[in-house]
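First to last, the sequence lines map onto chains A and B.
Its first residue numbered 1, the first sequence is counted upward by one per residue in the numbering used here.
Its first residue numbered 1, the second sequence is counted upward by one per residue in the numbering used here.
It is worth saying that the hints were derived from the structure and are not from the lab.
Since this is a predicted model, take the numbers as computed values, not measurements.
Errors might be hidden in some of the hints.
Unchecked claim - Once the Cα atoms are required to be at most 30 Å apart in a straight line, the calculated DSS-like pairs of lysine-lysine come out as:
hint, chain 1, residue 1, chain 2, residue 2
1, A, Lys65, B, Lys67
2, A, Lys18, A, Lys57
3, B, Lys3, B, Lys41
4, B, Lys68, A, Lys65
5, B, Lys57, A, Lys71
6, B, Lys101, B, Lys41
7, B, Lys41, B, Lys57
8, B, Lys41, B, Lys68
9, B, Lys40, A, Lys71
10, B, Lys37, B, Lys68
11, A, Lys17, B, Lys67
12, B, Lys41, A, Lys71
13, B, Lys57, A, Lys57
14, B, Lys41, A, Lys17
15, B, Lys67, B, Lys37
Spelled out from the first residue to the last, the chains are:
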Amino acid sequence: EAQVTQNPRYLITVTGKKLTVTCSQNMNHEYMSWYRQDPGLGLRQIYYSMNVEVTDKGDVPEGYKVSRKEKRNFPLILESPSPNQTSLYFCASSGQGWGYNEQFFGPGTRLTVL
Amino acid sequence: EDKVVQSPLSLVVHEGDTVTLNCSYEVTNFRSLLWYKQEKKAPTFLFMLTSSGIEKKSGRLSSILDKKELFSILNITATQTGDSAIYLCGGGSNYKLTFGKGTLLTVNP
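Bound-form chain A, shown alone (with noise of 0.2 Å):
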C-alpha cells in the first residue's frame, strides 16, 4: 500500500531534550516536506527536499533540522525543543514538485513540549 509512515505519533517530551519525528515513504518520490498545523494558522511548511542530499526552508525553518540521506526518509530534527514547538506536525511527499500533483500526508505527529 502506498503510504507515508510517521513515528512517534504522540510525543509528550520536557524543553531542550532533542528529539527526532521520522518519516518513510514508499512511492519512490523524490519530494518531501514537512509541515506544522497550529489552530488559527493552518499548515505552514517547515523544510522540504527535492531530492537526496537536497533541501531547503519552508516557511518556518527556525528551531528544526532536517536530512535527506536516502530517498525515503526525510527525518525531522528539534535539537533543542522549546515549548512554541508544541504542535501536530505533517510530514508529506510527492512525485513531482509541489504544483504538478497531489502531495500525500503522513498520519501526523502530535508534540508537546513542557
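Guided by the hints, dock chain B onto chain A, whose structure is given.
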C-alpha cells in the same frame, strides 16, 4: 512572500444546504491550486486545478479556478454530516505549496 487566503474561516450549515468555499492566492511561479479535506487526521486530496475555467467534479463536490482573478471556489451541494471537516486550499509552485488557514465546515443534521 506567497499568500493564500480562505474565506469564510468557519461555516455552520444544515444538512442539504449548498456551500461555497473561497480561496484567493498570490503565489510566485504559480502552477496549480489544490484542495484538501481534513477530518481528525491527515489531509486527503480532493482536487488539483491548473487551467482557468475548467470545473472539476467529484460527486457532490466541484471546484473551479480563475487564474485571471487569482481565486478558486469549492462547492458542496446537498451537504451531509460527513462533509464536516476543515477544507484546505493550497497554491503550488515548483518547490512549494502554501496553504491558507482553512475553512471549518460544520454540517448539522
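Failing hints, ascending?
1, 4, 5, 8, 11 and 13
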